[in-house]
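K.L.:
Residue strings, one per chain:
2 protein chains.
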Amino acid sequence: MMSETNVQLVDWQVLKRFSQAVFEKLGVPQEDAELTADTLVMANLRGVDSHGVIRLKVYSQRIKGGGVSITAPIDIVQETPASALMDGGARLGQVVAVKAIELAMAKAKEVGAGVVAVRNGSHLGACAYFPMLALEEDMVGVTLSNSLATMVAWGGLERVLGNNPFAVAIPAGEERPIVLDMACGTVAWGKVFVAAQKGESIPGDWVLDKEGDPTTDPQRAWEGGFMLPFGQHKGYGISLVVNILTGLLSGGSVSTEIVDMYSDLARPQDVCYLMGALDIARFVPLEQFKSRMDELIRTMRGSKKREGVERIYVPGEKEFLEEEKRRKEGIPLPVAQIAEFKKMAQELDLEAPF
Amino acid sequence: MMSETNVQLVDWQVLKRFSQAVFEKLGVPQEDAELTADTLVMANLRGVDSHGVIRLKVYSQRIKGGGVSITAPIDIVQETPASALMDGGARLGQVVAVKAIELAMAKAKEVGAGVVAVRNGSHLGACAYFPMLALEEDMVGVTLSNSLATMVAWGGLERVLGNNPFAVAIPAGEERPIVLDMACGTVAWGKVFVAAQKGESIPGDWVLDKEGDPTTDPQRAWEGGFMLPFGQHKGYGISLVVNILTGLLSGGSVSTEIVDMYSDLARPQDVCYLMGALDIARFVPLEQFKSRMDELIRTMRGSKKREGVERIYVPGEKEFLEEEKRRKEGIPLPVAQIAEFKKMAQELDLEAPF
Chain A
798 MMSETNVQLV DWQVLKRFSQ AVFEKLGVPQ EDAELTADTL VMANLRGVDS
848 HGVIRLKVYS QRIKGGGVSI TAPIDIVQET PASALMDGGA RLGQVVAVKA
898 IELAMAKAKE VGAGVVAVRN GSHLGACAYF PMLALEEDMV GVTLSNSLAT
948 MVAWGGLERV LGNNPFAVAI PAGEERPIVL DMACGTVAWG KVFVAAQKGE
998 SIPGDWVLDK EGDPTTDPQR AWEGGFMLPF GQHKGYGISL VVNILTGLLS
1048 GGSVSTEIVD MYSDLARPQD VCYLMGALDI ARFVPLEQFK SRMDELIRTM
1098 RGSKKREGVE RIYVPGEKEF LEEEKRRKEG IPLPVAQIAE FKKMAQELDL
1148 EAPF
Chain B
798 MMSETNVQLV DWQVLKRFSQ AVFEKLGVPQ EDAELTADTL VMANLRGVDS
848 HGVIRLKVYS QRIKGGGVSI TAPIDIVQET PASALMDGGA RLGQVVAVKA
898 IELAMAKAKE VGAGVVAVRN GSHLGACAYF PMLALEEDMV GVTLSNSLAT
948 MVAWGGLERV LGNNPFAVAI PAGEERPIVL DMACGTVAWG KVFVAAQKGE
998 SIPGDWVLDK EGDPTTDPQR AWEGGFMLPF GQHKGYGISL VVNILTGLLS
1048 GGSVSTEIVD MYSDLARPQD VCYLMGALDI ARFVPLEQFK SRMDELIRTM
1098 RGSKKREGVE RIYVPGEKEF LEEEKRRKEG IPLPVAQIAE FKKMAQELDL
1148 EAPF
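Taken in sequence, the protein lines are chains A and B. Residue numbers are given in my numbering: position 213 of the first sequence equals residue 1010, and the series is strictly consecutive. Residue numbers are given in my numbering: position 163 of the second sequence equals residue 960, and the series is strictly consecutive.
Each pair may be met inside one copy or between any two copies, as identical chains are not told apart.
Pairs of lysine-lysine residues, derived as DSSO-like cross-links and limited to a Cα-Cα distance of at most 27 angstroms, are as follows:
(1) Lys896 x Lys854
(2) Lys1139 x Lys1122
(3) Lys906 x Lys896
(4) Lys1007 x Lys1102
(5) Lys1101 x Lys1007
(6) Lys988 x Lys1101
Hints are computed from structural coordinates only; laboratory data are not their basis. Here the structure is a predicted model, which is why all the values come from computation and not from measurement.
Just need the whole structure built from these sequences, with the hints factored in.
P.N.:
Now the structure itself:
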């Protein structure tokens, strides 16, 4: 998607230090700045550029605008041995999300399973980061988040649901973990945007134009069109359930109430999450589970392929491979992105390490 | 799908009593017989005929064949305050599944959340029945089940995954609950079969023929073809995760190991489940949750519709409407089905109430 002339490879550590320095300059406590920088750069490393350092600018703007707080307390409103309700204090979404999954993990460590509902969070970036923290404790991690309404109900022509993301991370033995991370739309809007820029057509089941007709013209989709849920009514149902288990179970906002990250910098977004953790060893012996995971992954990968298919992947595998590559070779950043960072650095009186 | 001449309307209570009597004649304890009969007839009432009394015959054959036990203990292998591992003793799937969701609910009542992994279960019919039991306790109920491998990995051409079902039930206030119940394939094989019988074509993204080519000919699909996951790689990922959280977390079988219900009547299937329950009041005040559920449901239903769409439904709504209708008017059964029941009645020395 990017020609070699308009991208530049940047070392992930350079990018992480810069991102962290930006947050620290804006008053974010060092630990939170480092964590948030890490989540953004991890998204880039894993090839999920739409949720990587590209967000640094809007996060900065929201901190300056007041929509994101850097010091408000993150409260546990109520809790039981296996559950909790957390108020994220409109802090950076990544900071809130890590606290929440860690609380779910602590509960799972004590009583086998933990579930934490979170309200008053902000955009949390790529979902996979949070359940992947559970892998280190040999747990299954689960993260659901709601998001701004950009999608229709099945049969509808009005934005009433978010392209809500969810992720599940499950440890394996010799194989890499399985990390499922997806959203409820047929595709990311970013793909429609890229096709429009390149003048290419898109498959007819991705989006509706503003009149409600399916369209293969990304430009028509972009101008007031609607994202369709993946798997038709099935993705609609899943998106609605995610919206409920996040926004309603936490007493926070649902998709139609969430504040747009870009257009209103002063008001907290009230994005809501649900975090879950299961301690595998409380169910079955850990080594048995892990070796059977390896076996199952190999069954998928080794199964007969369709003609023209080079390799069968399990969820998260492509991202692990991309991460290995990018850790070595660097993260490809558009030169326009680097120019933006240089400008940000100047404004914040920071050294731009590019 | 059925002409009026080859169906007969049967009162649900008549059908339930007959189903229960069949199970009791086969030695199933009265309570279990009644419960299993109830789950089958509920599926018919809700319009899910593929998982209703049509299964009475094969369940009976499996009890007679030894693949389903009527007396083996259902054991809690290990448990913590929020989690448990259960061995279903190869009993009727519905009996095992109810015990498991009830255990998850009891744990949620105590500590906010409960998760129960189950191995050595049997086919459990329509998934929705079990999480819907949580509605009575104002809880969110979740049920996942794995199933016999009939589906490909994404890019694959070999049956390595089940059309694994999962269901979530969430209570509302004045509105009916939301009950999401789906499986991971694009459609049920039954729909392909019906199209083949009627000589109709099917959409090109449902199935592959045995060579791995997409086909609109249901007959080609039926002859050694493969079900595709819903939402392409997304449904593949979800099916794989369901397979892990059921078969591996319980230490039971994964899809490729599960015994075919129809072809091997003597061997336990080892279908595995995961049951979850969340006690809503431990997160937010119950009345607030319920009134916001009503509001959200009305937002979906009241949102602008695409041309030609008469009504927007929320998950489970169509089934509630069908249930109301069928409770009054009766359950439409094919006459061939009724003939089969009469034959079963004769063999078991039961009175056929049709």
